[in-house]
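Protein sequence lines correspond, in order, to chains V and S. By the count of my numbering, the first sequence reaches residue 102 at its end, each step adding exactly one. By the count of my numbering, the second sequence reaches residue 1035 at its end, each step adding exactly one.
Hints are computed from structural coordinates only; laboratory data are not their basis. Hints may contain errors.
Listed next, with one range per pair, are the computed distances between beta-carbon atoms [said to hold, decoys possible]: (1) Glu1029/S <-> Glu32/V: 38 to 46 Å; (2) Arg52/V <-> Ala1019/S: 38 to 46 Å; (3) Arg1014/S <-> Arg49/V: 40 to 48 Å; (4) Arg926/S <-> Met23/V: 31 to 39 Å; (5) Arg56/V <-> Thr883/S: 38 to 46 Å; (6) Glu32/V <-> His930/S: 39 to 47 Å; (7) Arg56/V <-> Ser909/S: 46 to 54 Å; (8) Gly48/V <-> Gly929/S: 18 to 26 Å; (9) Arg52/V <-> Arg1021/S: 16 to 24 Å.
Calculated lysine-lysine pairs in the DSS-like style (CA-CA distance at most 30 Å, straight line) [what the hints assert, rightly or not]: (10) Lys42/V <-> Lys896/S; (11) Lys896/S <-> Lys916/S; (12) Lys39/V <-> Lys896/S; (13) Lys916/S <-> Lys39/V; (14) Lys42/V <-> Lys916/S.
As the structure is a prediction and not an experimental result, all values here were calculated from the model. Just so it is clear, CB atoms sit at the ideal spot from N, CA and C, and this is done for glycine as well.
The lines below spell out each chain.
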Amino acid sequence: MLTGRISAFEFPEVLHKATKLTVYVGRHERANGRPAYEAVVGLLRERGESPGRRCSSAWTEPPTVPAGAPPSSAVTPTCR
Amino acid sequence: MIVSIGEGDRIAAVLDDLGRLLARPLVTLERVRLCKRDGVKLAEPAHLPETDPSGLGVWQKLMVYTGEQSRHDGHPVHHQLVRALRTANAAGATSPRGIFGYHGDHRPHGDTFRQLRRRVPIVTILIDTPERIRRWFAIVDELNDEAGLVTSEMVPAFRATGPAGRRGGLHLAERAAGGA
């Protein structure tokens, strides 16, 4: 988990292959004048358009767990 | 939260911009294995041991990233997946809807004001023992034959609580070398 000055992070060898990046933002959080989730997805896509700088996918989920408990052996991404 | 899968160096390259974009950035990085992309199988989930050297249970997770519009035999892929997994007696699977997303060269998709069908992203998640995950991957592989992304990763602790009682625990198993 990284917070604060995340750019100073040095990647360990094990993360050099396929890596899952999860960015946590609030429902009402804004960045560059628009919803933060849109800005982050826009940034990932923009960087993906540069040759050799592609993030293969980005998926945004609502920041709250839906009402009702999930089945006993199932999880939602926010329960990790 | 926003989830993105990519090569480590490409993810690293975007962290700097993310740090500038967000007032209080909070991100996590995890090692995963890319199993399928756009219907093409790239790798099987890693064959992990059922327990770590100290005897703690090891679990594995499959995440299937599709969209509301993704189809198999004319039906939404996530519906087909959950039905097939249930028929095969998988312990559980969940398909939460996202808001907005994209993959590869495809345009970002999400709901818009004027539309007849939903176009939001969906991720189907299942967690089980490594041996059973190999079985469930065969089903995922068969049904996810055109679009989307499938990843696997090790889950070092698992606890399920339900009417039948509590299963598993929260002590972290040791990560197997190269396991994802």
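Okay, the hints, checked on the actual structure:
1. Glu1029/S <-> Glu32/V: 38 to 46 Å: violated, 23 Å
2. Arg52/V <-> Ala1019/S: 38 to 46 Å: This hint holds: roughly 44 Å between Cβ atoms.
3. Arg1014/S <-> Arg49/V: 40 to 48 Å: With a Cβ separation near 28 Å, Arg1014/S and Arg49/V fall outside 40 to 48 Å, so the hint is violated.
4. Arg926/S <-> Met23/V: 31 to 39 Å: Roughly 37 Å apart at Cβ, these two residues keep to the hinted range, so it holds.
5. Arg56/V <-> Thr883/S: 38 to 46 Å: violated, 23 Å
6. Glu32/V <-> His930/S: 39 to 47 Å: Because 46 Å falls inside the window, the suggested range holds.
7. Arg56/V <-> Ser909/S: 46 to 54 Å: Roughly 48 Å apart at Cβ, these two residues keep to the hinted range, so it holds.
8. Gly48/V <-> Gly929/S: 18 to 26 Å: violated, 38 Å
9. Arg52/V <-> Arg1021/S: 16 to 24 Å: violated, 41 Å
10. Lys42/V <-> Lys896/S: holds, 18 Å
11. Lys896/S <-> Lys916/S: holds, 17 Å
12. Lys39/V <-> Lys896/S: Given that 30 Å is the threshold and the Cα spacing comes to 17 Å, the pair holds.
13. Lys916/S <-> Lys39/V: The given pair, whose Cα atoms are some 18 Å apart, holds under the 30 Å limit.
14. Lys42/V <-> Lys916/S: Holds. Lys42/V to Lys916/S sits at ~13 Å (cutoff 30 Å).
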